[in-house]
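Please model the entire structure based on the sequences and the hints provided.
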Amino acid sequence: PYGRACSVSVVGDPFIPALQVIAPHRVQSPDGLHIGVVFTDCEGTKAALKVAASLTAGLDADIYLVVPHVVPFPLPLVYPAVPPGFTLRRLRELAAAANVQASIYMYLCRDRFQTLLQVLEPHSIVVVGTHGRTGLKRALLGSVAEKIVRHAPCPVLVAGPARPPHSSTCLEGLMSGPD
605 PYGRACSVSV VGDPFIPALQ VIAPHRVQSP DGLHIGVVFT DCEGTKAALK VAASLTAGLD
665 ADIYLVVPHV VPFPLPLVYP AVPPGFTLRR LRELAAAANV QASIYMYLCR DRFQTLLQVL
725 EPHSIVVVGT HGRTGLKRAL LGSVAEKIVR HAPCPVLVAG PARPPHSSTC LEGLMSGPD
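Take any residue in the sequence shown, count from 1 to its spot, add 604: that is its number in our numbering.
In case anyone wonders, no lab produced these hints; they're calculated from the structure.
Hints should not be assumed to be uniformly reliable.
Restraint ranges, calculated between C-beta atoms of paired labels, are given here [as the list claims (entries may be wrong)]:
hint, residue 1, residue 2, range
1, ALA701, HIS727, 26 to 32 Å
2, VAL686, LEU659, 29 to 35 Å
3, VAL753, LEU663, 21 to 27 Å
4, GLY662, ARG714, 38 to 44 Å
5, ALA700, LEU659, 16 to 22 Å
Glycine included, each C-beta is placed from N, C-alpha and C at the ideal position.
Written out as structure tokens, the structure reads:
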């Protein structure tokens, strides 16, 4: 659905190769609201795309998916281990699965977090998905969402994982009271 419009551009300083796919039937207005979704993983990003879509309801807003694609050091930045065409195809499928038309910006980089700090637009809103890990798992694995919230140059909305309808929370037992 996105056609084959793909271009390589120079972004920020230092040089960061970027591949871009513009969503169809959308004219990006410089004055309109921009909602960025940061790719973390497939499920978290799908949830974040859905939240971004709900934010755009009734607004003149564009959704853009920001994907920092880390290229290991021995390889030149312009030749990542996973072919960009494959990655872009998967990202288009992810956006379609979330029923969202988003422009996709994939940045080839060495450091995901530093790249995000350089490319996130200060006048936009960013939505980032999270696994919802807590405790030791979060301490060991880190949290991309937490780093973005702390350091991004713009407002950040964190989209948590969807819970199945039958799941319970620790508050349910407290709210129901004694039998």
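Okay, the hints, checked on the actual structure:
1. Under the hint 26 to 32 Å, the C-beta atoms of ALA701 and HIS727, about 29 Å apart, fit the expected range.
2. A beta carbon spacing of about 30 Å between VAL686 and LEU659 agrees with the range 29 to 35 Å that was offered as a hint.
3. Between VAL753 and LEU663 the beta carbon distance is about 23 Å. The supplied range of 21 to 27 Å therefore holds.
4. Our hint of 38 to 44 Å for GLY662 and ARG714 holds, since their Cβ atoms are close to 40 Å apart.
5. Between ALA700 and LEU659, the C-beta spacing of about 19 Å keeps the proposed range 16 to 22 Å intact.
Going through the hint list in order, the structure satisfies each hint without exception.
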